[in-house]
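Visitor: Whenever a hint applies, use it, and build me the whole structure from the sequences.
Protein chains in written order, with the numbering used here: chain S, 28 to 397; chain V, 3 to 319; chain G, 5 to 371; chain P, 1349 to 1635.
A few of these clues could be false.
As the list claims (entries may be wrong) - Quick list of in silico lysine-lysine cross-link-like pairs, DSS-like style, CA-CA up to 27 Å:
1. 358/G / 270/G
2. 1356/P / 309/V
3. 270/G / 206/S
4. 196/S / 254/G
5. 128/S / 92/S
6. 350/G / 278/G
7. 254/G / 182/G
8. 1461/P / 309/V
9. 237/S / 30/S
10. 307/S / 292/S
11. 358/G / 196/S
12. 30/S / 133/S
13. 74/G / 196/S
14. 1634/P / 1463/P
15. 350/G / 270/G
16. 233/G / 196/S
17. 1356/P / 74/G
18. 292/S / 392/S
19. 124/V / 1356/P
20. 92/S / 30/S
21. 305/V / 1463/P
22. 1461/P / 124/V
23. 1634/P / 305/V
24. 233/G / 74/G
25. 309/V / 1463/P
26. 392/S / 307/S
27. 305/V / 1461/P
Please keep in mind that the hints were generated in silico from the structure rather than gathered at the bench. Just so we're clear, the structure is a prediction, and the values are computed from it rather than from any experiment.
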Amino acid sequence: MAKLVLEHLTKDFGNVRAVNDVSLEVEDGEFLVILGPSGAGKTTTLKLIAGVERPTSGMIYIGGKPMNAIEPHHRNVAMAFESYALYPHYNVRDNLSFPLKAPGRKFAQQEIDRRVEEVAELLNIHMLLDRLPRMLSNGQKQRVALGRAMVREPDVLLLDEPISHLDAKLRHRMRTEFKALEAAIRATTIYVTHDYLEAMSLADRLVVLKEGSIQQIGGPHELFVNPANVFVAQLLGHPQINLVECTLQRTNGVLELISTDGAIKLEVPERLRGALADGKLDRVLAGIRPQHLGVANGHHPASNVCSGTVYVYERLGTKGTLTASVGAHRLDVLTSIEESFVIDEPVSLTIDHTQLSLFDAQTHKNILFN
Amino acid sequence: MTGNLASVHASSLQKQEVRARLPFLVRARPYLILLPALLILVGILIPFGMGVYYSLTAYALNRPGSLDNFVGLRNYDRMINSSGFMNSTTITLKYALSATSVELLLGLGIAMLLNRDTLLAKILQTTLIFPMMVAPVIGTLIWKLMMQPSVGILNPMLNAVGLPSLQWASVPETALFSVVLVDVWMFTPFAALILLAGLRSFPREPFEAARVDGASLWFTFRNLTLPMLTPYIIIVVLFRFMDSLKQFDIIFAMTEGGPGNTLMTYQLTAYRTSIQYLRLAQGLPYAVTLFVVIYITSQYLVKFWGKAQRRAAGYSS
Amino acid sequence: MAEVRLEHVYKTYRGGVEAVIDLNLTINDGEFLTLLGPSGCGKTSTLRMIVGLEEITSGQIIIGNRVVNKLGPNERNVALAFETYALYPPLRVYDNIAFCLRARGVPHGDIDRRVREVATMLDITDILDRKPAELGGGQKQRVSLARALVREPDVFLMDEPLSHLDAAQRAHMRSELKRLHARTGRTTVLVTHDQLEAVAMAERIAVMDLGVLQQVGAFNDIFNNPVNKFVAGFIGEPPMNFLPCTATSKGGDVVLRATDGSFSVKLPPELAHKVNDHSSDQIEIGIRPINIVAAHHPNGNGAVEVEARVFTFEALGEEGQLAATVGDQQVLVVTPATEHFERGDKVWLEMQTKRLHLFDAKTGLAL
Amino acid sequence: METQVINKRMGRIIADGLMVAYFLFALFPIFWMVLMSLKSTDELFTTQFVFKPTTENYHAILFGDPRAAAGVVAKQEFPRNFMNSVIISSGSVLVSLLVGVPAAYALARYNFKAKENLAFTFLSFRFAPELVVIIPLSVIYRKLGLYDTYYGTIWVLQLITLPLLIWVLRSYFEDISPDIEQAAMVDGYPWWRIFWRILLPLVRPGLAAASLLAFVFAWNTFMFPLILGASQVQTVTVSALGYVSSAQAFFNRMAAASVIASFPQMIVALSIQRYLIRGLSFGAVKG
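Guide: Below, the structure is given as structure tokens:
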């Protein structure tokens, strides 16, 4: 196993900068997740580490050794491709054993068979060993691609959106299965995805990428609760975090946030008062997650309550999403799936102001990050 | 922002740059594996260059030293003013235009018929390519035999349906018709196969939508099938028009350019003058001119095909 | 506008594949109904039979008051938005929409008016001169809808309209389609395999499987009292847990013991009588992950609860998802965002009796 | 409703009729050629179809004519011409494969500046009138001693077989997703091993079809051997012409020679049905 270090890694395709000055350390055996929308440079970063793409500048070290001048087949790196990239003319067994028979790797035949059987058992594809890739479902192809990457126990394991091409039901099941699998993976692993649920569920540490640049690095819960900027806040969580532009006001000693159209009034929580003390910021964006909003049924304290009308109500998965129009804003509120609402009926909402995040209206950066 | 990276590898980045480049052999790989093909390319361009050069001299095999007599464009000037030039130009164009247009229309008809996927269509389709597989020279000999007054079968067939016998390629009036007939017999399968592949590549849903929209067969054909088939039509035109402009085997095997000069196309003239009469300098200009015409037309058609492909796929290109 | 009635409709393809078996369904005038089911369940065949792109093997389809079996697709005054949009690649957006009007010989002035009207309704007036391939997924989708609506059909049908859009476009189109239906009040049928979509949009849902109509009803009927195991398992994400048990009744009390012996629970009276009236003792408990409360220690006071061990726990921001093993079964539980569980912990799963379902193990029918 | 059904059926009958008519036009000459090859010389000039088939013509061209009068050009070189055709065609296809397969891969996978013009130059060989190259070669070959030799003919046939192989294989290589190649690299295989064990097997069907098609076009050429070859490397196509112009018009022997000379192509046509379109259109149309 080995520690992976990226130093100011940059990659340009023509005049498009796919990866922009990425510096990152991945500890030996760590399960790091890179999260970002499509086109954020996630796959390019993986391909730079694997060596199938050449960096424009910056260095890659595995186990302390520089990798830039070394061809992919000499790096002990394995990769499961988003398109699975199985060898169409080999059956599953040959696909799995292919890396073990590479030149320079002296594995005895029964050692190869043992490892193939073991990984097939782990991913329960042992009954598919004699099938050709075109006879497999997407779910099965995904497991074979994963098996081929894991079979030779590489120093670094790169997984490119392994389960994003499956239908919703299968993807949820595979995510849980992946969580169980995590314990069996000892290699330093980078898992790339655009689905925040996978990131939150699987990551020891999470890196958010946007247009090739790192936005934030940290634990999944930390990024969810304390996003570095609006982009990270919007990326994590469904329905998306509500953003309300507010001005700061001090009324009888209490620092308050008033939405620009005055429809929403919020108390500034204790932990955020320090950052606002210097009074430089006048316009801020208040980030309120839908689960921190509730439908008031009358007996709630006066402050942090607002009223509006039902714009649309939709049941999705385990929750219902009420979109209420409050003044000029549209706020999403998470409700239980049993609720039901009538369009345009009045509704009053309670806001748990203690879970608030505040962002500078110009730079969109979290006020706690200077 | 990116955490304080304790840079264990603090050495300056420039020094690392040297160790960061791949070995020369790896970087030069694309050019190395293209080398043999480039050698053959050169091996063909050299004689081509010499051919053009010869056409600028007074070179004739039976007159020693005539190669060093550089005359510039005199041969081309003489060619254009020569008596046979006008006839040769018209016959070359007539042959190419008539062959290509008949093959395109007949091919489209056959493709539409075969696209109906009936059992009969599937069986017949396997034999569609046969005429094109026969060597052009041999195919022409068979037709020549069928057109033979004594042993041939065509005239008896014509008489059987009350039509008078024809003298086919032995008289100027029907010579062109005879050779174009053989060309059509041989290459219509090409047009049919390409257009059939085109029809079969269409997505099914737009045509179902047209049915739901209540469009008539003709309305659908004109507004949907034809525009979407254009790139395939252009491929047929590209291949057939270019090939029939330089057709040699059929005409040579049928009449060697006769009767008289009726079928003396550019290729035949270039062949007879350069090879039979050994006057390279007079024959080559025909071949070089034909090359220039074909090169320019094929460039234009390939560009046009790219555009048509985008338009048929729905871009405004 | 018109009502659509399907009476004993069958569809058998060459080679004997029975795609639709004895389908009886009425889509009321002006209703928004979703035809939901896994791929290959016969929903698309049904749609194509209503539109007239597929022959009806037997039975009758009545639109408004006309039997349409023998009528061609263009004589039924219905409109279909295809899954792959099926736009006419060589034609501009304007001509795509005007295609059917021109085919019917509608005068030029009317064509222009109606095309611009429907383009404004679907807010695609700015792309009327563009070609299909240059449009984004959402735009193509709207052009496909405009082309279907411009002829003011009696019935408007959609085949998996949102399956090729990305998440953001899909959410946007869901509310637009709902608002479009609210405004036009046209009888609308949506075919989809995505139960999230069906639940989010339709007033009534018809669930099909293997060519047979399983259940028709509003969201609450289907979600809370599913007629069989298939409907219960198909609707709801993450799916319902099923625990096979054997029922024994001792002195009026009914106890369900897991077939692998990993747990046994006493049923409260309102569920107990159902088991007593049922012929077989092989019962399956059906409980949705959102109707289970995972606790670190047993509740005890007569609650229907089962002891289990944490297999995996995923903290997903708005909620947690716990996979617990009970014997050789795995039970999924949705936990509040604030809860946390460690792998290997003991945990007690309390099932809300109000939402506990019982199915016959063999037939899968609800008790 | 009934009228719609009737004219639908009428339409189908007319369509089938037209189709059969065309296929008669297309297949009759080949059928007639086989017929003529089975006619004995004395029955030659009777045009009725009923006759006593004989294999004397095949016998004559393959093993020499037992009744050949002295003056008649004994046509038993046919077997030699047939072998010449086989050697020349397979030789030029082999050279084109060795040169063309790597070139096709390079043109499919790598992108460098002159890539498209290079590919188009190869394509322009296919369309260019060959005389511009052959006429000068007829002089050069005599000087280099390549005239009337297998090497000379095989070399010049590259004008036909190489562009076809490069373009068709390029479209097959382009069908393979780069990810598969990169996966093999990451799995620990150097480039040439990947080419040998992954890429070639994946294009094998296309490779076989393109080679067979190139073989047929090389087999069918006439102008090259006519001008650059003589007795040593005379191919079947050039020799077939000899029958007609000889003093004694042996039409039935010519028919027999034509049947044998066309036999290989028919087998090829039937065996690569599915890949035919892609080969004929140089990879432009994926059948």
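Visitor: Against this structure, judge whether each hint is valid.
Guide: Evaluation of the provided hints:
Among the hinted pairs, residue 358/G with residue 270/G is consistent with the structure: their alpha-carbon atoms are about 14 Å apart, no more than 27 Å. As the CA atoms of residue 1356/P and residue 309/V are separated by approximately 37 Å, the hinted pair breaks the 27 Å bound. Under the criterion of a C-alpha separation no larger than 27 Å, the hint pairing residue 270/G with residue 206/S is inconsistent with the structure, at around 34 Å. For the proposed pair residue 196/S and residue 254/G, the alpha carbon gap of about 40 Å is over 27 Å, so the pair is violated.
Between residue 128/S and residue 92/S, the direct Cα distance comes to roughly 25 Å. Compliance with the 27 Å bound is thereby established for this hinted pair. For a cut-off of 27 Å, the pair hint linking residue 350/G to residue 278/G is broken: about 32 Å separates their Cα positions. This hinted pair does not check out: residue 254/G and residue 182/G have alpha carbons roughly 52 Å apart, beyond 27 Å. At most 27 Å may separate the alpha-carbon atoms for a hinted pair to count; residue 1461/P and residue 309/V meet this at roughly 22 Å.
Straight-line distance between C-alpha atoms of residue 237/S and residue 30/S comes to about 24 Å, which keeps the hinted pair within the 27 Å bound. For the given pair, residue 307/S sits about 20 Å from residue 292/S by alpha-carbon distance, which is consistent with the 27 Å threshold. A threshold of 27 Å between alpha carbons decides the hint, and for residue 358/G with residue 196/S the separation of about 26 Å falls inside it, so the pair holds. Between the alpha carbons of residue 30/S and residue 133/S the distance comes to roughly 24 Å, so the proposed pair stays at or under 27 Å and holds.
The straight-line distance between the Cα atoms of residue 74/G and residue 196/S is roughly 40 Å, outside the 27 Å bound, and the hint therefore fails. Only pairs whose Cα atoms come within 27 Å are accepted, and residue 1634/P paired with residue 1463/P is accepted, the gap being roughly 22 Å. About 21 Å separates the Cα atoms of residue 350/G and residue 270/G, which keeps this hinted pair within 27 Å; it holds. Among the hinted pairs, residue 233/G with residue 196/S is consistent with the structure: their alpha-carbon atoms are about 17 Å apart, no more than 27 Å.
Annotation: proposed proximity of residue 1356/P to residue 74/G holds, straight-line Cα distance about 15 Å (limit 27 Å). Taken as a hint, the residue 292/S and residue 392/S pair is honoured in the structure, with Cα atoms around 22 Å apart against an allowance of 27 Å. Of the pairs offered as hints, the one joining residue 124/V and residue 1356/P holds, with about 20 Å between alpha carbons and a cut-off of 27 Å not exceeded. Taken as a hint, the residue 92/S and residue 30/S pair is honoured in the structure, with Cα atoms around 10 Å apart against an allowance of 27 Å.
Distance check on the hinted pair: residue 305/V and residue 1463/P sit about 16 Å apart at the alpha-carbon level, within 27 Å; holds. Distance restraint check for residue 1461/P and residue 124/V: the Cα-Cα separation of roughly 45 Å exceeds the 27 Å cut-off, and the hinted pair is therefore not satisfied. Between residue 1634/P and residue 305/V the CA atoms are separated by roughly 19 Å; this keeps the pair inside 27 Å, and the hint holds. Simply put, residue 233/G and residue 74/G have alpha-carbon atoms about 38 Å apart, too far for the 27 Å limit, and the pair is violated.
At most 27 Å may separate the alpha-carbon atoms for a hinted pair to count; residue 309/V and residue 1463/P meet this at roughly 20 Å. A C-alpha spacing of about 14 Å is found between residue 392/S and residue 307/S, which places the hinted pair at or below 27 Å, so the restraint holds. Only pairs whose Cα atoms come within 27 Å are accepted, and residue 305/V paired with residue 1461/P is accepted, the gap being roughly 19 Å.
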